[in-house]
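Number of protein chains: 2
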Amino acid sequence: MNNAMTRTPQSVRLGKTQVRSTPDGQISAYDALAALGLEGSPERLQEIVEQHGLEPRLHNFGKGREPVLGYGDFVTLSFALETPEARRWRGKARDLLRRYLEGDIQLAAEVAERSPSPEHRRWLSARLESVEARKRFMSTVARHGGEGSIYREVSSLSNRSVLQMDSGEFRRKRRVKNTRDGMSAAELLRLSYLETATAQAIEAKGVRGNEQILRLHKQKAEVERRLWEEEPDPAS
Amino acid sequence: MNNAMTRTPQSVRLGKTQVRSTPDGQISAYDALAALGLEGSPERLQEIVEQHGLEPRLHNFGKGREPVLGYGDFVTLSFALETPEARRWRGKARDLLRRYLEGDIQLAAEVAERSPSPEHRRWLSARLESVEARKRFMSTVARHGGEGSIYREVSSLSNRSVLQMDSGEFRRKRRVKNTRDGMSAAELLRLSYLETATAQAIEAKGVRGNEQILRLHKQKAEVERRLWEEEPDPAS
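Protein chains in written order, with this note's numbering: chain A, 1 to 236; chain B, 237 to 472.
Misleading hints may appear alongside valid ones.
List time: in silico DMTMM-like cross-link candidates among lysine to aspartate or glutamate, alpha-carbon distance up to 25 Å [to be verified]: (1) K413(B) <-> E50(A); (2) K441(B) <-> E389(B); (3) K328(B) <-> D95(A).
It is worth saying that the hints were derived from the structure and are not from the lab.
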């Protein structure tokens with residue numbers, strides 16, 4: 001607490017307003033009102049809070065505890081208020097929906113760069129790479145006479161080898177809809193590595209057909225797992 | 237044209253509806269109406285088009301030319317109609333605004349994976365890496381006694397070296413607001429490479445202070461540019 005009082009609080013830009021933010025991603029309620037074109041006063045806040053059923057928490061930015069809101073609250077207000085600023089935020093939401101549907105890669109970059117954590121950005125790179133590695137793997141499988149169930153079989157083998165469970169169980173355990181959303185950067189990296197290694201071996205050995213491909217992938221997965229096993233190789 | 241008639245058209249999922257899409261990212265107007273909970277008939281479309289001032293183009297998905305809309309039109313209709321599906325899309329837009337403001341890295345991944353082009357995903361990786369490389373470079377500069385204007389000077393030197401113009405001119409030429417948005421994956425890679433090389437040299441040589449740092453960065457930039465020059469080294 002004392003330490004926090006000597007530091008300049010973090011802040012984020014919302015439109016033209018600089019808004020103080022907490023390390024866990026909440027924002028000053030007064031600053032949020034200002035960003036929505038309202039007076040950032042205790043009276044105005046009280047009114048807004050009651051009207052929209054918000055429950056601000058308290059945070060000390062350095063001058064005593066004051067109310068903070070989540071971005072969900074900020075969005076609720078953007079969609080409820082009739083200030084020009086609120087209308088601009090609604091326009092932003094429309095624009096985001098369009099860019100999301102278009103798969104606008106610059107939007108992906110913008111969102112990633114808003115993320116406060118370099119770890120998260122590293123995770124995104126690992127995830128993108130894992131998707132590309134999977135695609136390259138699948139196209140190698142196709143060029144080498146793989147067909148039908150093989151695509152599902154090799155993917156599920158990769159997942160089970162790295163995650164030590166099937167993807168359904170994994171998604172339940174980590175509470176995600178999409179398997180990759182629940183994977184750590186290290187797990188994503190292992191997935192890319194394994195599938196790249198098998199793809200290369202398929203090319204190098206010139207194997208063909210479902211059975212040979214699956215056998216080779218099993219071998220590669222075993223070797224890859226050994227790298228991560230806690231017990232050292234007795235020969236070493 | 238004839239070729240297109242034999243191929244299955246591309247399609248994207250919009251909510252629960254599968255919607256046919258063109259290679260340049262337009263969607264079947266009839267399918268779009270269905271995704272918005274309306275009857276996808278020529279009569280209904282005519283009505284909607286007039287009411288909302290849309291101007292559908294025509295595309296042949298394989299059974300003759302039919303009207304297509306952009307995602308901008310789809311969003312316009314989502315915000316204008318009162319069907320449950322349209323309301324769900326507005327809810328999605330609110331959700332996107334919240335996740336955008338939070339810098340939700342899983343949103344960045346989702347958008348990137350909606351992008352139809354692997355080139356674009358590669359660009360995103362290069363861009364994220366360039367941001368991290370810049371940060372590492374700046375923190376090396378800070379640890380070696382750099383202060384004040386040096387941060388601007390080294391960044392602007394990197395940009396000028398790779399882009400062969402200053403960033404203001406570059407942004408005007410490529411019509412972007414953010415310099416990195418206008419850079420190719422190769423240019424982003426060069427930027428990361430150059431700044432990583434200078435950072436390493438600063439550490440290795442133990443240089444200190446603005447003047448020495450800037451001199452070293454100039455040397456590195458010259459060497460890096462030589463790699464890309466068209467005239468071969470006369471000695472080679």
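Hint check results:
no.: 1; hint: K413(B) <-> E50(A); verdict: 40 Å, violated
no.: 2; hint: K441(B) <-> E389(B); verdict: 20 Å, holds
no.: 3; hint: K328(B) <-> D95(A); verdict: 12 Å, holds
Hint check: a violation occurs at hint 1 only; the rest are consistent with the structure.
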